[in-house]
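Chain residues, written in single-letter form:
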Amino acid sequence: MTEQAHRIELTVNGTLHVADAPARRLLSDFLRHDLGLTGTHVGCEHGVCGCCTVLLDGEPVRSCLTFAVTVTGRAVTTVEGLAAPDGTMSPVQRAFQKCHALQCGFCTPGFLCTVTALLRDTPHPTEEEVIEGISGNLCRCTGYQNIVKAVHRAAALIAEEAR
Amino acid sequence: MSTRIFGEGIARREDPRLLTGQGRYLDDLGRDALAAAFVRSPHAHARIIDIDVTGALDVEGLVAVYTWEDLPGRVAEPLPLLIPHPALTHGRTGYALARDTVRHVGEPVVMVVARDRYLAEDAAERVRVEYETLPPVVGVEAAERAEHLVHDDVPGNVGAVLRQETGDVEAALAAAPHVLEFRLDIERSAATPLEGRGVHARWDADDGSLRVHSSTQTATSVRAAIAVKLGLPQGKVEVVAPDVGGGFGVKIVHPWPEEVLVPWAARLLGREVKWTEDRREHFVAAAHERAQVQHVRVGFDGAGRVLALDVRILHDHGAYTPYGVIIPIVTSTQLLGPYKIGVYRAEVVSLYTTTLIVTPYRGAGRPQGVFCMERTMDRIAAHLGRDRAGVRAANLIGPDEFPYDQGLTFQDGRPLIYDSGDYPALLAKVTDLIGWDGFPALKEAAAAEGRRIGIGLACYVEGTGVGPYEGGHVEIDSSGRVHVATGLTSQGQGHQTVFAQIAAAELGVPVEDVHVVTGDTRRFGYAVGTFASRAAVMSGNAIALACRRVRAKALRIAGEALEADPSDLDITDGVVHVRGDRSSGIPLRTVSVLSNPLRYAFDEQTALATQFAVGGPDTEPPVPHGEEPGLEGRDYYSPVRSTFAAGMHAAIVETDPDTAEIRVLRYAVVHDCGRLINPLVVEGQIHGGVAQGIGGALYERMAYDESGQLLNASFMDFLMPYATEVPRVETDHLETPSPLNPLGIKGAGEAGVIPVSAVIAAAVEDAEGIAITAMPLSPDALFRLRRTQPGALPPSDVGR
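From first to last, the protein sequence lines are chains A and B. For the first sequence, my numbering assigns the number 1 to the initial residue and increments by one for each residue that follows. For the second sequence, my numbering assigns the number 1 to the initial residue and increments by one for each residue that follows.
The hints are simulated quantities; they were obtained by calculation from the structure and are not laboratory data. You may find that some hints are simply not true.
Result set (EDC-like, lysine to aspartate or glutamate): computed pairs, CA atoms no more than 16 Å apart in a straight line [to be verified]:
#1 A/K149 <-> B/D204
#2 A/K149 <-> A/E132
#3 A/K149 <-> A/E129
#4 B/K236 <-> B/D204
#5 B/K553 <-> B/D658
#6 A/K98 <-> B/E8
As the structure is a prediction and not an experimental result, all values here were calculated from the model.
Looking at chain A on its own, in the form it has when it is part of the complex:
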């Protein structure tokens, strides 16, 4: 029994990667184990926890529910691609540190990707919009309170830096 491999061409964080993988290879495993980008985490493998959230052409998706072969030719942003090229953390990343919005850090990459897209689409979210916006991601450490605070702070930082 030899599995057929498929050529996958995927732009990840601005760099084109070409690799062969079986059709059943999950995007999360492809990123982590084939490309070595282990910042994307896998918490449940059934699409509930949100740890594996990445941006696919800018939109948040569960990489554990996505086969890598189905996204060939497209562009993915992972947590490794959120900081500026010079390494400066993005406003969302900085706000998470400032507000103590992470503890063990395992769910954090998923939250960061989700919030990055949320604030791009809704730059000035209300409290309800923030809570709704992160309601697809589980965190077992923080109780979410500081994550909510961090989203508001990130929104303020983005607005400030756009001025």
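Fit chain B to the supplied structure of chain A, relying on the hints for placement.
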């Protein structure tokens, strides 16, 4: 303390790495490792008749398949019983791979190793195991009836009977003016960290040594266990806890079957082997907690003072008892909370069931004990028609009564003596914060609008910082960097920050210069582990003591160089100087160089310490008698007994008159964990604890059916709260320093979760006027309660 860094809410040092995807969790390691997968029992109780692996052999990439019969020597023996106790008369543990009987769904039966995890699972799927099913035993009451046995040689399914008493409780009950008797139920829940367990092992055949990474709460003890199991000297085994994606207690259990088998297979195969637990495995093969049935008898006077309390608890410990009777001990001792109880007796019967093992999950038996005591306080208040806060106040230990001896034995084997606290002050703060006295008016106004709201309150005392010890090693190198190591592990508590704050304050150096390593046996070999809210107390104090040694040595060396009396010296921003005079001084990096007399130089700094550069009398050895080279120090902190943190929570809930949905409108926490090292981190611990408590109170349960199948073994069905379910937590602190340790600190890790079920039950009871005796409480359970007990709160099953 020479700087104010201790007590500051500084941002965490570990965050930039974790925020940019540079964390290193277990599954991020060993990219080329072989992958292990396990065939696990689909039955709750069965005899293994036959295992046929031939189907698996066709899978391309298969490397090995192992059953119990393949295991040699100690690998084939039962796993260790970690904490023996005289009350645990019938302790039993499982095997790394099931020998001939399985006793819970998820028990490992066959190990498969293949080129990657996909292929390992393909092969595991093709292994055929033939079972003869045996009768399941599900739930403590079935266990107690003992119509069927979980272990043939354990009569009545009783693993342990733990009794503690402070006097003649029957006489005290007989003499009490009022007596109530009732039953309480708590269901199973689990820690459920977002990263499951995992092990990676690499055998170095040339060196005869093993390096193991495990997502564990105790690296040193995993090392000891692996060394024993594999017959290796401890010095040939290194265990490292990498970044750990949450623990909450479940990862203190060790050695897991996988922690023995993966290193064993790595040595046998001469290849790196890795196993990463998946979510379903975590539900059925890690550990659960909480489930108890409690029978309470309480005698009290007209003021609500408890004169006699008798509790009999049935505790479900699952199929095996690797962690002994720690949860029964904690429940039955911490049940007493901040109260003076006339006469107390507790009997915990710890029972085998054919379900997953039960070991500590954040709170570790305390949520159940607090539920019992706080429900009792509310019952007393209802019976007497008194204010619930007032009844509690009547029973509190006074601030001038410390140290307070409860007359029992705690989980460290030491007397249950509370070190310090101010419980009336906590009660005043929490009732102020939630607006206790003004609530009746709010409730009335809500009722006028057809809304049901209720208020609840619960108190706890938490024994934290249990021994036996932790250690710290501190070294200042010739660049001025301060390297701190401690053996216990981290799972998100911010140790790299708070331990750096302690070291910076003790040494007088910038916190940025301090670098902390935890959970790595290569850096520190003696440790116990991270559990029982002990890390800050134990390692924090050990690191402080080690820093004090280093500081004394630095002042001694600098004193010689500056021709000053060391007692006149201070250290500021990493420079040793005469106190009050910073114009001249000597940086710690130079002191470090001077501490290590050299023959060879490597740079300008080290040239200062070579033999022709250093002066000094010819009659003295370069390293003085009683000294060691290097600016480093090691020390240990080993307490006589635990410290006792305390807190009180209060909540206002609203219940929907039609759907019985329960909403938490406000949640208030006051908390006393002694001196705060970093308030930001402490608040974070409280928020997270409360969120887990809300999960345990309203959503999370392990739904075993009567055949012992776990029906909700996924995040689709086991309902962990999202941001939409967790209330905003309002906090206030009190700081009564512990007199037991140099830093005056107590632990904070578990506190948030402990009283939540009791608070929510009390608040819903207040909103509904229906007795709440079981947790968790879902809307459908509340809906059913409304139909079965409409009207007033029944005072108790038996009362006078």
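Hints versus structure:
{"no.": "1", "hint": "A/K149 <-> B/D204", "in the structure": "48 Å, violated"}
{"no.": "2", "hint": "A/K149 <-> A/E132", "in the structure": "14 Å, holds"}
{"no.": "3", "hint": "A/K149 <-> A/E129", "in the structure": "13 Å, holds"}
{"no.": "4", "hint": "B/K236 <-> B/D204", "in the structure": "10 Å, holds"}
{"no.": "5", "hint": "B/K553 <-> B/D658", "in the structure": "71 Å, violated"}
{"no.": "6", "hint": "A/K98 <-> B/E8", "in the structure": "13 Å, holds"}
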